[in-house]
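**Student:** Residue strings, one per chain:
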Amino acid sequence: MSVFSKLHSLGPRTRPLSSSEPTSQPQLKAPGLQITGARLSYGGQLLFDGLGLDLPAGSITALLGPSGVGKTSLLRLIAGLAHSAEGSVAGTDGAPVAGRIAYMAQQDLLLPWLRVRDNICLGTRVRGEAVTAGTREAADRLLDQVGLAGVAEARPSELSGGMRQRTALARTLMEDRPFVLMDEPFSSLDAITRLDLQDLAARLLAGRTVLLVTHDPLEALRLAHRVHVMAGRPARLDAPLEPPGEPPRPEDDTRLLSLQAELLHRLHAAWRESR
Amino acid sequence: MTRFVRPVVILAGLLAIWQAIVWLTGAPDYILPGPAEVAARLWSDAALLLFHAAVTATEILLGLVLGAVLGAAAALFVVQVRPARQWVLPVLVVSQAIPVFALAPLLVLWLGYGMGSKIAMATLIIFFPVTASFYDGLRRTEPGWLDLAQTMGASRLAMLRHIRLPAALPALASGLRVAAAVAPIGAVVGEWVGAARGLGFLMLQANARLQTDLMFAALFVLAIFAVALYFTLDGVLRRAVPWQSESLESRG
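Just so you know, the protein sequences line up as chains V and W, in that order. Its first residue numbered 1126, the first sequence is counted upward by one per residue in my numbering. Its first residue numbered 9, the second sequence is counted upward by one per residue in my numbering.
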């Protein structure tokens, strides 16, 4: 049994809730995701064209690259948020992708007028579903899992940056989607808090198909099964690096450090190419 | 402690300056009555002042409620109905070029000498600040919140209800604060133009009869009411929109 299915059974949905439920059968692993023919022009510039990206089932794929190369745009395209972008996004199980995606951004995006627990239940609320005692219990369990037991009644303004991002992670997990898109989720945190949250995220996201956009090579190498560098204009993806071992990998692993050097080298080349 | 002492000191200082001006200029009572004369008037004519104050207060409060409801509704309408933005918004903006005071005689002509024309004045004067600030708040929702709600499968209406509306409440609250500050102007101007009751009417009457102390007394009652209205509303809004000051502090 994978961690995902374990999480799934712990997760908020003990009954089939909505049409967005992946399948009626219990899943052991999230399906993969295939992006093909992605195209986006911005301000007259072609950011990418005919771009393809495979997100292998149940694994974390990291995307690095210079600022402005189109990483976030690609992520937004997959999330269905980039309205001017073209491209096809398909799950390897053949079912539609819409409604099966959870999104976590660089800002925590906590709503200041809602308490922490209500923020975690936001998806349920905005879909017009009833927030039941079960929903609240599930939210509290997730809070416990992200190390925030006891703050369910607090307002976001009372939390530190790390706690806020933990709450955002809990909200992402509450959605319980097979596909998770993360856009520099930990970049605003201090180094130690960031390492903590990376470990937590790797543990809690195991089994899901994750795309992680990041500026931090070490973060990519610690968390991802595959690391892509996006470069050029229009942008392409290089052959992925596949760090050894299972995430989260220890930050002082010497193999990671040599891979980090390789990755920095690629990023530097990408940066020159994108100028 | 200083919270209560400071207003008292300020008030005492202002009264002292006032009294000093009366003594230094030797102005007669009908030009500038001293604080003592005005206080005496407040005491002797308390019933009269209260009667007219009640009329003005009713006009102000009804105008405030009507203006706030209509203003908020207009902002929602303009935001939700896209074509309205192009058609209604310019009309709203241009309508503000007409001074509401210039409309006062017309309103009295149309709605009569009673409370109706004054409530309409207050409503008109309040409408725009409420509409403008709420509209602004509704438009400036943090885009990340909307993205998040969209990936969660929220409908347009759900986004309005759960994200944009609450996010715009601090802006609406500032609009309402401005409204509370200007509402008395609308009511009093209406009363000056034509009325048989209200503090504005009382002031005009007293002015014509050189009862300057009564004029001051009426002005004093109006000021007390306006200040009380502002602070009451401010307190209610602070309680209803508690995250506003927090977010300002954390950003500042």
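Read the hints as simulated data drawn from the structure, not as lab findings. It cannot be assumed that every hint is accurate.
Derived coverage of chain W by chain V (criterion: at least 3 residues anywhere in the stretch with Cβ under 8 Å from a Cβ of chain V; other residues may be distant) [to be verified]:
1. 99-112
2. 225-231
From the structure, some residues in chain W lie toward chain V, with a derived Cβ separation under 10 Å [as the list claims (entries may be wrong)]:
3. L165
4. A181
5. L245
6. V249
7. W251
Positions of the beta carbon are idealized from the N, C-alpha and C atoms, including for glycine.
**Student:** Of all the hints numbered above, which does this structure not satisfy? Sort the numbers upward.
**Tutor:** Going through the list in order, the structure violates hints 1, 2, 4 and 5 and respects the others.
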